[in-house]
Amino acid sequence: MKPPRSRDLKRYPGFGAVTWACLVFLYGPLLVIALYSFNEIRSITVWGGFSLHWYAKAFNNELIQRSTWNSLVIALCAASMATTLATAAALAVIRHRRFRARETCIGIINLPLMVPEIVTAIASLVFFVLVGIPLGVGSIVLAHTVFCIPFAYLPISARLEGIEGYYEEAAGDLYADSRRAFRHVLLPMLMPGVLAGFMLAFIISLDDFIITNFVAGPGASTLPLAIYGLVRTGLTPEINAVSTLLLLVSVIFVILSCLLGRKRYPAGH
Amino acid sequence: MPSPATPPPRAASEHARARRRLKARALLLSPALLVICGLLVLPLCIIVVYSFLTPGTYGGVVWRFSTESYVQFLFERDLFDDTLAFSPAYLQIYWRSFIQALVATTACFLIGFPTAYYIATLPERKKYMWVLLITVPYWINLLIRTIAMLFLIRNEGPLNHALLFAGLVDAPLKIAYTNIGVGIGLIYTYLPFMVLPLYAAIERFDFRLVEAASDLYARRWTILRRVILPLAMPGVVAGSLLVFIPSLGAFIAPDLLGGGKNLMIGNLIALQFQGSRNWPFGSAAAVILMTIVLCALLVYVRQQSKARLRQLR
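Here the protein sequences line up with chains R and L, keeping their order. Its first residue numbered 0, the first sequence is counted upward by one per residue in numbering that gives the first Met the number 0. Its first residue numbered 0, the second sequence is counted upward by one per residue in numbering that gives the first Met the number 0.
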């Protein structure tokens with residue numbers, strides 16, 4: 000009776016329960032807020048029936064409209080730039096296995112993750128003011144690009160690690176120059192990683208509050224800034240509705256990016 | 000012995016290729032590095048410089064050297080006779096942040112370890128599902144997650160209503176706008192940061208070691224403490240840092256769940272750039288925070304290299 004005993008050895012009583020509790024803890028508040036966004040009436044004790052009333056109200060809020068537009072433009076610009084920079088950096092770091100400053104380069108790329116966000120935020124603010132870059136959509140895009148680079152870099156470099164060098168060698172043997180080998184062989188294989196990186200960067204930029212809060216200046220507002228402004232005046236079902244929407248966008252993007260990043264090359268492996 | 004004036008042709012082409020590779024590498028790497036250095040490293044250096052300047056009357060700085068910001072951190076200057084008196088107000092904020100971050104890290108570990116362990120021992124298919132389930136909240140907007148938590152635990156929130164309705168409490172539990180509320184917010188925010196590295200460490204664990212320990216008459220919890228935990232240590236350290244560092248500088252959780260009363264370092268820094276407008280003092284507070292973070296990271300690096308040494312042996 001050896002197998003059942005060894006299987007038992009791995010299990011600890013209560014660990015499963017903690018895991019489920021953890022799941023409830025992580026998702027409970029989100030489900031509650033989503034549920035109440037559909038409540039017809041403002042009350043949180045009485046269920047007044049299912050309604051999309053608060054969503055309609057949120058959609059018609061001019062501030063929310065404007066900041067959503069801003070958020071999307073900023074996220075698109077910042078994620079595109081960050082993904083381009085991260086892809087180039089990943090190609091250099093992963094494809095050239097050994098060079099002297101390799102570790103330092105990886106460290107610098109990951110630096111934005113290690114600095115507390117509040118410090119990044121005020122440092123960016125001080126820098127923009129000192130250099131004379133006007134605070135607004137442009138400064139937000141710049142600050143987000145920096146912050147998004149490590150997030151885009153992660154899936155791209157992971158993907159690149161998984162692609163063996165002999166694909167390019169084979170292309171070279173078939174008389175493709177290095178540019179064409181990259182364009183027709185490496186890039187298509189790398190694409191899922193690039194897309195995953197872009198999506199993560201997009202989400203990070205779309206969600207950022209702290210850095211944006213400092214470098215936005217008086218004019219430009221993004222969706223998180225608008226939501227924060229609304230929360231300051233009190234929790235309303237309208238906030239629940241906008242939050243639920245933003246939450247859904249994040250969930251969809253992350254699941255897509257996970258699925259994209261998971262597939263190894265060649266497929267079916 | 001005549002030395003060849005030019006290297007043999009083969010070596011020359013080799014040399015040229017190496018040069019080409021070097022150039023390609025530099026071309027590919029430099030944009031990302033330049034952007035990060037220009038827009039993050041340089042600003043951080045500027046913050047250090049600013050912390051030694053004199054505050055301007057309406058925000059900004061006057062370019063005159065001063066250590067006043069650091070003095071102000073520990074002492075209060077008397078307005079009349081200019082004497083310094085020790086004032087622990089700011090130290091208290093740092094101490095409170097430290098304790099909050101420590102409590103959050105410990106709590107995350109206590110919840111995160113069993114979770115990570117359980118997931119790591121599941122069959123392959125389920126494992127992936129669970130990792131995804133833990134990962135998704137990490138990517139959901141921090142602000143929205145904190146708002147959701149505030150909505151749930153505030154005095155008139157669904158949680159208190161449910162508790163009152165069930166007759167478990169007589170008056171609504173005051174969780175929001177207290178230190179406990181902030182703590183819950185921090186745990187809620189950073190729990191995935193703990194679970195994922197722990198999972199990665201435990202997943203690599205060779206469970207034959209458990210059998211070996213058991214054959215040597217080790218009891219279950221002894222095995223956990225003396226075999227599994229030490230081998231999962233890199234994950235424990237990584238997870239703890241990933242929770243501790245952002246908790247220490249947290250802004251949103253203390254701002255929304257602390258109701259502005261339970262200030263943490265993040266709020267103190269933010270205030271200097273928004274409300275009271277003392278840029279040098281804000282910069283000094285940020286420099287001190289960065290120093291603490293750097294120390295924590297150094298501990299991590301040392302621990303990692305020690306672990307690597309152990310592996311080599």
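Heads up, a few of these hints could be off.
[To be verified] So the derived list for chain R, only partly shown, Cβ under 8 Å to chain L, looks like this:
hint, residue
1, K9
2, A87
3, I105
4, G106
5, I107
6, L124
7, F126
8, I209
9, F213
10, P223
Just so you know, these hints were derived from the structure itself, not from any lab. We treat Cβ as the ideally placed atom computed from N, Cα and C, and that holds for glycine.
Next on the checklist: Just to be careful: measuring from the Cβ of K9/R to every Cβ in chain L, is the smallest value less than 8 Å?
Outcome noted: Result: holds, 5 Å to nearest chain L Cβ.
Checklist entry - When the nearest CB of chain L is found for A87/R, is that gap smaller than 8 Å? => result holds (4 Å)
Next on the checklist: Tell me if the interface restraint on I209/R is satisfied: Cβ within less than 8 Å of some Cβ in chain L.
Outcome noted: holds (5 Å)
Item to check | Interface hint for L124/R, Cβ within 8 Å of any Cβ on chain L | outcome: holds (6 Å)
Checklist entry - Hint check: is the beta carbon of I107/R less than 8 Å from a beta carbon of chain L? => result This hint holds: I107/R lies near chain L, its Cβ roughly 6 Å from the closest one there, short of 8 Å.
Item to check | Given hint G106/R near chain L, where the shortest CB pair must fall under 8 Å | outcome: Not OK, violated: G106/R not within 8 Å of chain L, min 10 Å.
Item to check | chain L contact restraint for I105/R - C-beta distance below 8 Å | outcome: violated (10 Å)
Item to check | Given hint F213/R near chain L, where the shortest CB pair must fall under 8 Å | outcome: Result: holds, 7 Å to nearest chain L Cβ.
Next on the checklist: Tell me if the interface restraint on F126/R is satisfied: Cβ within less than 8 Å of some Cβ in chain L.
Outcome noted: F126/R check passes; min Cβ-Cβ to chain L is 4 Å, inside 8 Å.
Checklist entry - Is the hint on P223/R kept, meaning its closest Cβ partner in chain L is under 8 Å away? => result holds (5 Å)
In this structure, the hints that do not hold are numbers 3 and 4, in rising order.
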